[in-house]
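With chain A held as given, fit chain B onto it using these hints.
Number of protein chains: 2
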Amino acid sequence: MTAFPDLAAVEAMDAVDPLRSMRDRFILPEGVIYLDGNSLGAASHGAFSELQAAASKEWGQDLIRAWNTAGWFDMPTELGDRIGRLIGAAPGQTVVCDTTSTNIYKVLHAALAMRPDRSVIVAEGNSFPTDLYMAEGVASTRAGAVLRLEGVDAPSIEELIDDKVAVVLVNHVNYKSGELRDMAALTRKAQAAGALIVWDLCHSAGALPVDLDGANVDFAVGCTYKYINGGPGAPAFIYAATRHLADVQQPLSGWWGHARPFAFEQGYAADAGIRRFLCGTQPILTMRALKGALDDWDNVDMAALRKKSIALTDLFIQLVEARCGAYGLKLESPRNGTKRGSQVSFEHDNAYAIMQALIARGVIGDFRAPATVRFGFTPLYVGFKDVWQAVEILEDIMRTGAWKDARFAVKSAVT
Amino acid sequence: MTAFPDLAAVEAMDAVDPLRSMRDRFILPEGVIYLDGNSLGAASHGAFSELQAAASKEWGQDLIRAWNTAGWFDMPTELGDRIGRLIGAAPGQTVVCDTTSTNIYKVLHAALAMRPDRSVIVAEGNSFPTDLYMAEGVASTRAGAVLRLEGVDAPSIEELIDDKVAVVLVNHVNYKSGELRDMAALTRKAQAAGALIVWDLCHSAGALPVDLDGANVDFAVGCTYKYINGGPGAPAFIYAATRHLADVQQPLSGWWGHARPFAFEQGYAADAGIRRFLCGTQPILTMRALKGALDDWDNVDMAALRKKSIALTDLFIQLVEARCGAYGLKLESPRNGTKRGSQVSFEHDNAYAIMQALIARGVIGDFRAPATVRFGFTPLYVGFKDVWQAVEILEDIMRTGAWKDARFAVKSAVT
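Going down the list, the protein sequences come from chains A and B. Under my numbering, the residues of the first sequence are numbered 463 to 877, in order. Under my numbering, the residues of the second sequence are numbered 463 to 877, in order.
To be clear, the hints were calculated from the coordinates, so they are not data collected in a lab. Each hint should be verified, as a subset may be incorrect.
Heads up, the list lumps identical chains together, so a pair's fine if it works in one copy or across two of them.
[Stated by the list, open to error] Listed next, the in silico DMTMM-like pairs over lysine to aspartate or glutamate satisfying Cα-Cα at most 25 Å (straight line):
#1 Lys651 x Asp673
#2 Lys626 x Asp858
#3 Lys519 x Asp758
#4 Lys519 x Asp757
#5 Lys519 x Glu620
#6 Lys866 x Glu473
#7 Lys626 x Asp709
Isolated chain A (complex conformation) (with noise of 0.2 Å):
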């Protein structure tokens, strides 16, 4: 990359994108720049495809028979072992169910049941906060336990890790800022004080290569509908780690986490394996949407994905930077892309109306509260040209004041 790339060399960039062909597989909306994959990934054809076979074929014409004939009962461990090879996990340790809150509740409850002499749980202050809130409820079920949070107890994580300490919960990628954490590193010290650790995947799953396995990682947790494009709302997942199958046990201890299920009877005995992270009844048609999504992956070379999102967020900084950089756009996201998710923040006291602006010019980022733009750079689908036209647009908004118009300060309900 050249010090200031022209939309030449931007469009070379393309030219040699061994992920390029991937986009076709892509239903991206004419006039629209995507840059909120981290939010909501986009829909695939082969989505579309999975979910009408879903309900045109299955529900509608195989009925209760499709539980059988369509293999729907055991979709959550199949699509569990296929997202476990984009998180570095042997089959038969993911499981896909449920949201991240409510598998957050089975997780960390689990491990504070495995550390009975201790009751701390320790998390980071700005986390995505419904890790807390759940954090929280699960602390709420348990005499003395205390959560302890990174930026409001001490200024790191690891200055909070000690013999106290029964479990930590621990985002890989922040929502906000993009920032990575170096997970084999923290998850060594969790567990040289004898702690058990969760990470939190929901911004690095399909984001970047993850190696849970290799990592020794305890427990995991994660979305599919950011990176991995399974839908909106489509069902979380849980990684446990091998080793723990055999003794954890989670309250949430529904029928379909049941040894056997189908026999009806009187006393809960878990599932010899990890879908004794099961709970109930799942739904199919989402989860059908989110089959053909991982259909997409089957080839994707992690490697070249995570190439691709460090040129993409590298680029649009540096663009941002050369062309908006008098606009008081501050770099919220670290700088260095090896240490950055792939997703790109910055600050602004007009963020809200900058984002607004924005998305009426069709390039489509998000805006967190207080005062943060945020952009997400899906690899599959964001090419280095649609990196050069949203700068472009944006150098326009704030070089003209066209956020300035009243319309973009009014709130959504939603942001």
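For chain B alone, kept in the frame of chain A given last:
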């Protein structure tokens, strides 16, 4: 109805059925008599249409903007209120979310916390098992909590209710026998002893009129993929009486239940209303199919629905006993229609093979271990002639011994 109706009499019943036109809204496979809507309701054109719009237009084209433009975030309460009409709940008390199992956990946990000086959970030994498994899970989170079961610790649930009981968890209609409980009487009995009551409506919501407000119920849960026809694994619902909303706390305190979810606050503050029972991001595509299914319910008269349901099930019992009485099928459901849900079960030592033989002939009911053939009658799309034809085929299978074919003896993974 005559004592032994003939085909002409049955066709006459269809001719005057006020719900007859509803059948045209549904997609039913050719050559199938579908008597398993109590396990998975049939798909309707409306459900497919909503699903298609949610996928193609909203996810595919609007992408992240659909959270605002398509009202995704408000669907749990919007659909909750519409289900409210079917279960006798005034607006603001019902929310659609997660699974029945997870929702049982929330309400049982919350109810136990509302009775800190009591430690007993009462349930039915012959409950659908996940209710018991979830009660076990909740009990495991509180020292001293005990689960006492009808049929195990006492012959009737009423006998288990005393001043040590915190909460009674009970099914409105038994999943296997179809027995219907007296909601108002049992609610009074539990509350008179100072206990709270949770009704599981999985087999009554959409099957018959339910009057939660009228019976002064505390909490209820239920599923939407049976009689409500929301689709496979469609999200479940929770009802909480208005009088409890200000104080009730449930531990799955995720961001969707927060008073200000998009303020991204560090601490949890529950929504003032029924949204406090939400947890994480809901499966939007599946929920939109449910929205379509609820459109079908808009003008359904619940009294007419009940009248037809009793007539269908009465006819089925009468015909089976008259024509198949010699073959060892023993009625397991209440004979009195007013004590029965919209399903009929018979016991037979060879129940599994008989059901497989029926399915092979296009009559779809289901088997419940160890020895039950179960038939559900969804008044919206099952007609009287369907009942006649189903019994014709059953009689043929019993008379010829067709069920003895070796291929009907092998149990599927999911039965």
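Status of the hints after comparison with the structure:
1. Lys651 x Asp673: within (17 Å within a copy, 56 Å between copies)
2. Lys626 x Asp858: Cα proximity of lysine 626 and aspartate 858: none, with 54 Å in one copy and 70 Å across.
3. Lys519 x Asp758: Classified as both: same-chain Cα gap 22 Å, cross-chain 21 Å, threshold 25 Å.
4. Lys519 x Asp757: both (19 Å within a copy, 22 Å between copies)
5. Lys519 x Glu620: neither (52 Å within a copy, 46 Å between copies)
6. Lys866 x Glu473: neither (32 Å within a copy, 70 Å between copies)
7. Lys626 x Asp709: Within one copy, since 22 Å is at most 25 Å while 32 Å is not.
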